[in-house]
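A.B. asks: For this one, chain P is given, so just place chain C on it according to the hints.
Same order as they appear, the protein sequences are chains P and C. For the record, in the first sequence the residue sitting at position 86 is 197 according to the numbering used here, with numbers rising by one throughout. For the record, in the second sequence the residue sitting at position 117 is 126 according to the numbering used here, with numbers rising by one throughout.
Honestly, the hints are just simulated from the structure, not real lab data. On a predicted model such as this, the values are computed, not experimentally measured, just so you know. Accuracy of the hints is not assured; some may be wrong.
[To be verified] FRET-style restraints, in silico, Cβ to Cβ: (1) P/Gln158 x C/Asp381: 29 to 37 Å; (2) P/Arg343 x C/Val378: 24 to 32 Å; (3) C/Gly420 x P/Arg305: 49 to 57 Å; (4) P/Leu116 x C/Pro122: 46 to 54 Å; (5) C/Leu317 x P/Ala237: 24 to 32 Å.
In this text, a Cβ means the ideal position worked out from N, Cα and C, and glycines have one as well.
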Amino acid sequence: MSSALKIALEEILRARRLRADGPPLRGMGRSLAPLATGQSSVDALLQGGIPRGQVSEVHGPSSSGRTGLVLSLVARSTGDGVLAAWVDPADRLDPASASAAGVELARLLWFRGEPRAPRGLANAVAAVGTLLGSGIFELVVLDLAGIPACEVRRLPDNTWLRLQRMIEGIPVALVLVADAHVAHGPEGASLALRPSGPSWSGASGPGRLLHGLRVEARVGRHTIRGASLELRAFS
Amino acid sequence: MFGGLHSPRPLPSETTLVLLAREFAPRVEALGPTPVLLDLQGLGRVWPTPEALGQALLGAMRDRGLIPHVALAGTRVTALVVACARAGLTIIPAGQEAAALAPLPLNLLDLDPDREELLRRWGVQTLGDLAALPAAGFAERFGPEGPHLRRLARGMDDSPLVPAPLPERFEMAMELDWPVEGLEPFSFLLARVLEPLCANLKARGRRAVGLDLELGLVDGTLHRRALHFAAPSCEPRTWRSLLLLDLEAHPPRDAILAIRVRAEPTPARSVQFSLLDPAQPCPERLAETLARLQSRAGAGRVGAASLLDTHRPGAFALGSFAPGPFMALRSASAAARMALRVFRPPLPARVAVRDGAPVFVATACARGVVVDRAGPWRASGDWWDVAWSREEWDVAVASGVYRLFRDRLSGAWFVDGELD
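Here chain P stands alone, though its shape is the one from the complex:
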């Protein structure tokens, strides 16, 4: 091997090893590391990110940034080489928003439910079970936002316990996106988001832009730790 080629190869290897946010090399212990959202304030709140092997949830009312924050998590994960799945019983995901958030669409499996289909939610939950059992995906998102609470409550009582048992001990994270608290594992994250209102560019009138959404994030139901962040407009 020529010396120039050898030096270039060594440079690449050195860069890959030393880049703190780079994908881990094969054999490195990626199983224990939580999945970072890429938002430093939220990651600090979650003590590193969304834990693996646990059911976690991100909940909040409309326009509280649930989807944007979870897409940021998916973007960060797929950028690290992780395969992710988005189970979408209400068929609300916008691929353009996901791409703008930095998601590698080729590494995101999208399960599109039929919003008006009977047993649509039950099918979505069964699909989550299939995805978790496959061992292929390290991050699975179940989007329950916008689904009436009574429909979610109609699921069998042991649904979330069963899913938690499925992923305990394996490096897979299941994230529920919901309007309100649904369930989380004993060591899973429960991130509550509250909208602080949108921010606009300039005064009211033509040419004005929606600049972003201001959000307050809180972990757990009884803790007082919180953080604020702003989700920027994507176009």
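C.D. replies: Relative to chain P, chain C alone:
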């Protein structure tokens, strides 16, 4: 001993002569549809003399309506050239090859036209003339090909017989004594068909890229299903799961009496794994998982999205999920971005407008006074096809922030989605 078969009449099919030859010997070399060479070693127990064997070959060719040219000789080149030259049966005793070839014309060697013309100008008309040329002088004037040609003209082989590979056919069938109803008992029978089929594929270094399943039903009809996957596999368990999932979605209309499975073979893949990148998913498991998901969501509702090259809002395509090798090309955006949670189709809305701007919105998901707004932003396109033209607003009401648009062609208002 070698046998040469040739038929100057156009053959019914390209494999007629090869199939005929395979009835006599397993080692057959096909030089196109005709002529064909056979390795006749070890056939003495069946046909004790070369004459008996030759007559059998002659009879078989006649039975198929061919003009028989059969030659038996100790070398393959002699058998081949004599079969091309002489009709009927010719048997060349060992050691007589050069003498048998000597009177035959030069063009039987299938030489390059320029080289053949050169030899003719030297006065070489027959293979005997060619064999009689002095070795050293011929090599000097004709080049490296000279000694090789001279050996051929003397009936001496320079290369062994190269047998044509047997046609690959991967198919298994099972006739049932009693009809089978339901997929659960059928799954056990399917395993009995798939396991030897996959073992055969594996033994030949092949994988199946697709399977054709044909079920004979009690009512006399056939139920046919064809499965194709991007990841070739020879795992019977995977194929059984995929076939059963497909049959769950498309069940046969009557009980099953016969099973026939045909595999479409492809060479086994070789994958060079990367030391640095994350491992790729097992193709068999991925195919099985996708099939299970599709059985729940329906066809075309599971896959990887890709954006289309258009300005039409919400345009995307859902392709098959096949993540290639990981390439860290772009880093995720540092700042989180809000996302649009789209309504498919857009929700019709009643909107009150004052001074050209929406002031009140009523729709299935939100109702209230517009607190703040940004817009309008106009976009249009596809005037040459199905035209669209819209005027977009981002509006904040008490329950959230929404993207509204007015269809400028119909004047109707819609909620495109919720900004979240």
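A.B. asks: Each hint needs a verdict: does it hold in this structure or not?
C.D. replies: Structure-based check of each hint:
1. P/Gln158 x C/Asp381: 29 to 37 Å: Holds, since P/Gln158 and C/Asp381 (Cβ atoms, about 36 Å apart) stay within the stated range.
2. P/Arg343 x C/Val378: 24 to 32 Å: holds, 26 Å
3. C/Gly420 x P/Arg305: 49 to 57 Å: Violated, at about 37 Å.
4. P/Leu116 x C/Pro122: 46 to 54 Å: holds, 49 Å
5. C/Leu317 x P/Ala237: 24 to 32 Å: The hinted range 24 to 32 Å holds for C/Leu317 and P/Ala237, with Cβ atoms some 31 Å apart.
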